[in-house]
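Protein chains in written order, with full-length UniProt numbering: chain P, 1 to 504; chain Z, 1 to 227.
Please note that a few of the clues may not be correct.
[Said to hold, decoys possible] Derived list of chain P stretches under chain Z, where covered just means 3 residues or more per stretch with a C-beta under 8 Å from a C-beta of chain Z:
hint	region
1	63 to 71
2	135 to 148
3	466 to 477
Hints in this document: simulated from the structure, not taken from any laboratory.
Heads up, the beta-carbon is just placed ideally off N, CA and C, and yes, glycines get one too.
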Amino acid sequence: MTSLKSPTTPTKSFMATAAAAATAKAEDSAELEKYLAVLATKAATIITATRSSGGRLTSNCNPQPATADWFGLAIHEPASIRTEVKELTRDHIPVIDKAFGVQVSAVLPTHELIPLEYWWLWFDAAAVEKDAHIRSTVYNRMTILLKSIIVVLRASPVNSLIRQNDYFKFTHKMFVGDPDVRNLQSVAKTFKIGPLKTPYGAVYFSGACRETAFSEGSLVSHPLNEQLPRELTPRRSVSETSNIPVRLGVSNKMGERNSSASPGHSPLLDSRRPSETGSPRQIRFAPTGGPAHLIEAPPPKTFAEMQYTGAFASPCKSASESDDETYEIPDRAFADLVSYPDDDDFGSPRYPVQELLKATRPKSILKDVPSKATTSDETTAGRSDGMSPKSAKVSLLAQLSRMDDDDDGFEEDGDLDGYSVRPAFAPPKSQVGSHDLAAFYHQCQAAPNSLKFLEKKGVTVSRTVKSLSQKLVGMESELLEFDKFVDDLRVVGGESSWIMTSSP
Amino acid sequence: MNARRHVIDLTCEARQVEDSVSCLFHTILFHRSLGKFRFREDKLGNQTIVIGTVGFDDVDCTAVDLTYVRCSSTELRRAVAKEVSPFATALQQEASSSSATAAISLEFYEKRPRGLSVMGYDKLPWEIWVIKFTLVQSDTESERLRYRYELAPVLSDKMLTIVDVMNRYEYVPKNPHKDQLDVVFDISFPDVQPYLFRISRNVESSNPSSQSVSKSMGRFLRDALEL
C-alpha cells in the first residue's frame with residue numbers, strides 16, 4: 001500500500017525519466033529528419049542554380065533578416081525545386097532511407113543527354129556520435145556542409161565548362177537511391193565531404209564527374225573548345241574511383257521522368273568507335289583503351305573545322321577536305337542569275353572587247369528589242385528560241401557575239417532607237433518567259449556561306465584574348481623554323497661572299 | 001593550446017599570386033564567417049540570438065582558369081585585398097630581379113586578457129593557414145599558357161583540402177556572451193561576422209635571414225604594445 005502512495009518511488013521516477021528520454025529522442029529524430037529534408041532542398045537548389053546555363057548563384061548578406069534563413073545562408077529555393085523534392089521523397093525519409101541527389105547532364109542539339117556529374121547526399125548508420133546535440137552541433141555542421149558544397153561545385157572541372165560555354169545546354173534531374181556512375185563511362189574526379197556525425201548516423205555528400213568534355217586530355221571537343229597545341233597540353237592521369245561508396249546493382253528511382261539516353265544506343269556515347277558525322281559535327285569521341293592511362297590531346301582544330309553552319313547554308317567541309325588555315329572564297333551570291341560571257345545560253349563565238357572598240361564610231365550595243373519587234377538577228381537576243389519580244393533583251397555580249405567578219409562593229413543608222421538591258425536577278429535565257437519563283441527561292445537557299453555566318457556568337461573580349469594567346473603560341477612554335485631559315489640564309493650568304501671575294 | 005597549422009605550397013608566376021591567395025583566403029573566410037549576431041530579449045527576460053544571413057558570389061580569376069566563392073561583403077573583400085594586393089605587387093617586383101620565395105598567412109585568433117584589463121589582450125591563434133609561393137618566370141607565351149592551365153587543378157585540389165579540414169569539426173571558439181563578442185569575432189564588418197583574423201606577409205629575396213628577423217621582432221613588439 002505504501003508503495004502506491006508516494007510519487008517519488010524509484011520505479012515511477014525511472015519510468016518518467018525513460019518516457020522523457022524517449023520523448024526527447026523522438027523530438028531529436030524528428031528535428032534531424034526536418035533538417036535533412038531542408039538540407040536536401042538547399043543542396044538541390046545550389047546544384048541546379050550553379051549548373052544551369054551561366055552557372056552563377058549570387059546572394060547578398062543580410063545582417064537583419066526579417067526571418068532567419070535556414071543554416072544562415074542566403075539560399076532561396078524556388079517553389080519548383082521544393083515541390084519536386086517533396087514529390088520525390090514523399091514516401092520515405094530523405095537521405096536516411098534513400099540517398100538523394102542531382103544528376104547534371106549536357107543536352108546536345110539532337111536532344112541527346114550526356115550525364116556529366118552526379119551529386120548526392122547519403123547516410124551511414126554505422127558512424128554515430130551520441131553526444132552531438134541536434135539543434136546546435138548538428139545544425140552548425142550542416143551549415144558548414146552547405147558552404148562546402150558551394151565551394152566544391154566551383155572546384156569541379158565541369159564548372160569551367162559551364163561558365164565558358166555558350167554552345168551546350170545543361171539540364172538537371174533529381175533522383176533518389178544510389179546513382180549509377182557507370183553512366184559517366186569514365187570518372188575523372190570524385191568528391192566526398194563528411195562524415196557529419198549525428199546520434200543516429202553520419203551524413204555524407206559525394207560527387208562524381210565525367211572525365212571527358214572538360215579534362216585537359218579531353219576526348220570530346222566542341223566548337224568553342226580552344227585547345228592547346230599537342231606539345232603544350234599537360235598530361236594528367238585519370239583519378240581512381242575507389243572512394244565512391246557506390247553500391248552497384250541497386251535500381252534507381254528516377255521519379256516520373258526518365259529522359260536520359262541509354263548509353264548503349266547513342267552513337268555519340270559509344271566509345272568503341274569514333275563518330276564520323278557527329279552531331280554537332282565537331283564532336284568526336286576517340287576510342288578509349290580501358291583503365292586509367294595518360295591521355296593525349298587531339299590535334300588542334302583548324303579554322304575550317306571551327307566554322308558554324310549558317311541557316312540555309314550547305315554543310316561545312318570535313319577536315320580532310322579543307323586545307324589548314326585556308327578558306328575557299330565562294331562564288332558571289334546569286335551568281336548564276338547573272339549572265340556572263342561563259343554562259344552556255346549564247347553558244348556563239350566570243351570577241352575580245354578591245355577589237356570591238358576599235359571602230360571610230362562606236363556603235364550602240366544596246367538595242368530595245370520589244371520596240372522593234374523584228375525577226376532580225378541583229379535585234380533579237382541570243383537565239384530566237386522562245387524568247388518573248390517583251391522580255392527579250394539584248395545583252396552586250398549577245399550583240400557582240402553576232403558580229404562576223406563583215407561586221408565592222410557599226411550599226412546602221414536608224415537602228416539605235418533604244419537599248420535593252422538585262423535586269424538583275426533576271427532568269428537565264430533558257431528560263432526567259434517563266435517566272436519561276438520557286439527556282440529563285442531554291443537558289444536563295446543554296447546560296448554559299450556568307451562571311452557573317454562564320455562569326456562566332458557571343459565572342460567576348462576575354463575569349464578573343466584567349467584566341468590571340470593561342471595564335472601567339474602557334475607562332476612561337478614556328479619561330480624555330482624561321483630562325484633556322486635565317487641561319488641558313490646567313491650561311492649561304494657567307495659562302496657566296498667568300499666565293500665572291502676569293503674569285504679572281 | 002597549440003594552433004592548428006596548415007601549409008599550402010604553390011608554384012606559380014608572380015602575376016598569379018593575387019588570384020591564388022584571394023581564392024584560398026576567401027574560401028577559408030567563407031567557412032569561418034557567420035551572419036551578424038543580434039540579441040533579443042523576450043518578455044520573460046530570456047535572451048535569444050538572431051543570426052544574420054551570409055551571402056556569397058562567384059569570382060572569376062583573371063590569371064587562372066578558375067572560379068571561386070567568397071562572401072558578398074564589400075568590407076570583408078576590401079580588408080583582404082588591402083593585405084593581398086601589396087603582397088602580390090611586392091612579389092612581382094622581386095620576381096623580376098631574381099627567383100623569390102614568399103609566404104603569406106591567414107591566422108584566426110581569440111583575445112585573452114593579459115591579467116589586468118589595462119594591459120590589453122593577447123592574441124592566441126587557434127588556426128593558421130600559410131601559403132608558400134615558389135615563383136617561376138615564363139619567357140614565352142606557350143609557357144605562360146601552360147602555367148595558366150596547370151594552376152587551375154592545383155588550386156582546385158587546395159580548395160578541396162580546405163573543405164576537408166573545415167569538415168573535421170576541430171576546435172572552434174564557442175559563441176561568447178553578448179558583451180564579449182569582440183573577443184572571438186571581428187564585429188567591425190557591418191554585414192558579416194568572421195572569426196577574428198589577421199593576414200601576415202613575408203617576402204624573402206636576396207637576404208632572407210635579416211628580413212625575417214627584423215619582421216619577427218617588429219611583429220612581436222607590435223603585439224606586445226597593442227592595447
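Outcome, coverage of the region 63 to 71 of chain P by chain Z - at least 3 residues whose beta-carbon is closer than 8 Å to one in that chain: That given contact holds, which follows from 5 residues of the region 63 to 71 of chain P lying within Cβ reach (below 8 Å) of chain Z.
Whether chain Z covers the region 135 to 148 of chain P (at least 3 residues having a Cβ closer than 8 Å to its Cβ atoms): holds (count 5)
Per-stretch coverage check for the region 466 to 477 of chain P, three Cβ contacts closer than 8 Å to chain Z: Coverage by chain Z holds for the region 466 to 477 of chain P (6 residues, Cβ < 8 Å).
In this structure, every one of the numbered hints holds.
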